[in-house]
Amino acid sequence: MESENAGIQNDFFNRARKDKSVLAVVLANGKRLTGRIRAFDKFTILLDTDHGDQMVFKHAIATVGPAGALGSAAGDAGGTP
1 MESENAGIQN
11 DFFNRARKDK
21 SVLAVVLANG
31 KRLTGRIRAF
41 DKFTILLDTD
51 HGDQMVFKHA
61 IATVGPAGAL
71 GSAAGDAGGT
81 P
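With my numbering applied, the sequence shown covers 1 to 81.
Hint data in this document are derived by calculation from the structure and do not stem from the laboratory. Among these hints, one or two may not hold up.
[Said to hold, decoys possible] Derived DSS-like pairs: lysine-lysine, alpha-carbon spacing no greater than 25 Å straight-line:
id, residue 1, residue 2
1, Lys31, Lys20
2, Lys20, Lys42
3, Lys18, Lys58
[Said to hold, decoys possible] Distance ranges between label pairs, derived from CB positions:
id, residue 1, residue 2, range
4, Gly7, His51, 27 to 37 Å
5, Arg36, Phe57, 14 to 24 Å
6, His59, Gly7, 26 to 36 Å
All values reported here derive from a predicted model rather than from experimental measurement. Built from N, CA and C at the ideal position, the CB exists for glycine as well.
Kindly produce the complete structure, drawing on both the sequences and the hints.
What follows is the structure, given as structure tokens:
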């Protein structure tokens, strides 16, 4: 049985894949990947990057969004003092 969050993930990733949107994927360790989603499943996404395809485990992802919307530094907390 699919949880509500899995439905939201599937909707988001499927829309991004179909629209060929460039996404920024920030990993839990702070590394930022940029590319287009080629495919995804329950546990992974396949990201088409400038360095070739990269398989990313979903449990390692902290944030996903449009490439220009997540700030220029991977460690940005957002906001200003």
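Cross-check of the supplied hints:
1. Under the criterion of a C-alpha separation no larger than 25 Å, the hint pairing Lys31 with Lys20 is consistent with the structure, at around 22 Å.
2. At most 25 Å may separate the alpha-carbon atoms for a hinted pair to count; Lys20 and Lys42 meet this at roughly 20 Å.
3. Of the supplied pair hints, the one linking Lys18 and Lys58 holds, its CA atoms being roughly 19 Å apart against a limit of 25 Å.
4. Hint check: Gly7 to His51, Cβ distance near 31 Å, so the stated range 27 to 37 Å holds.
5. A hinted range of 14 to 24 Å for the beta carbons of Arg36 and Phe57 is consistent with their spacing of about 18 Å.
6. Taking 26 to 36 Å as the suggested C-beta distance range, the pair His59 and Gly7 does not conform, at roughly 18 Å.
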